[in-house]
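Asker: Sequence:
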Amino acid sequence: DEPVVFDLVKFALAETAKSYPAVVKRVNSIEHIIEADYQTFDRFHYDLLATYLYDLSEHLAGEHEPKPVVGKAEIRKLKAFTRLVESLAAISTNNAQIA
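Residue 55 is where the sequence shown starts when you use my numbering, and the numbers rise one by one after that.
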């Protein structure tokens, strides 16, 4: 079976793409990385996955372009997605050190 982290990444990516269409290209890039057979994942793959996830979280946080002004509920949701993606990136970085 795939590691649970892959299921979490796939879920987070699907929900992020659905909620924020502006990041679909970034999400698609990450999905291509995790389509590889998980048994072939090594330090390089986990580092690459972490890099792309951190990039996505920075984009969601508005570090690459200004965020549109939205309501408080939307801001909380965006922050939650950003923290989720950052957490998954940290897990990937940790897995790279173990691999």
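Please keep in mind that the hints were generated in silico from the structure rather than gathered at the bench. Be aware that one or more of the hints could be misleading.
Each computed SDA-like pair below joins lysine to any residue, with the alpha-carbon atoms no more than 20 Å apart [unchecked claim]: (1) 72 to 149; (2) 131 to 149; (3) 131 to 141; (4) 131 to 147; (5) 64 to 78; (6) 133 to 105; (7) 79 to 93; (8) 131 to 102; (9) 133 to 69; (10) 131 to 88; (11) 72 to 91; (12) 79 to 57; (13) 133 to 102; (14) 133 to 101; (15) 64 to 126; (16) 72 to 101; (17) 64 to 101; (18) 131 to 80; (19) 64 to 134; (20) 72 to 102; (21) 126 to 138; (22) 72 to 57.
Asker: Would you pick out the hints that fail for this structure and give their numbers low to high?
Answerer: Going through the list in order, the structure violates hints 1, 2, 4, 7, 8, 10, 11, 12, 13, 14, 15, 16, 20 and 22 and respects the others.
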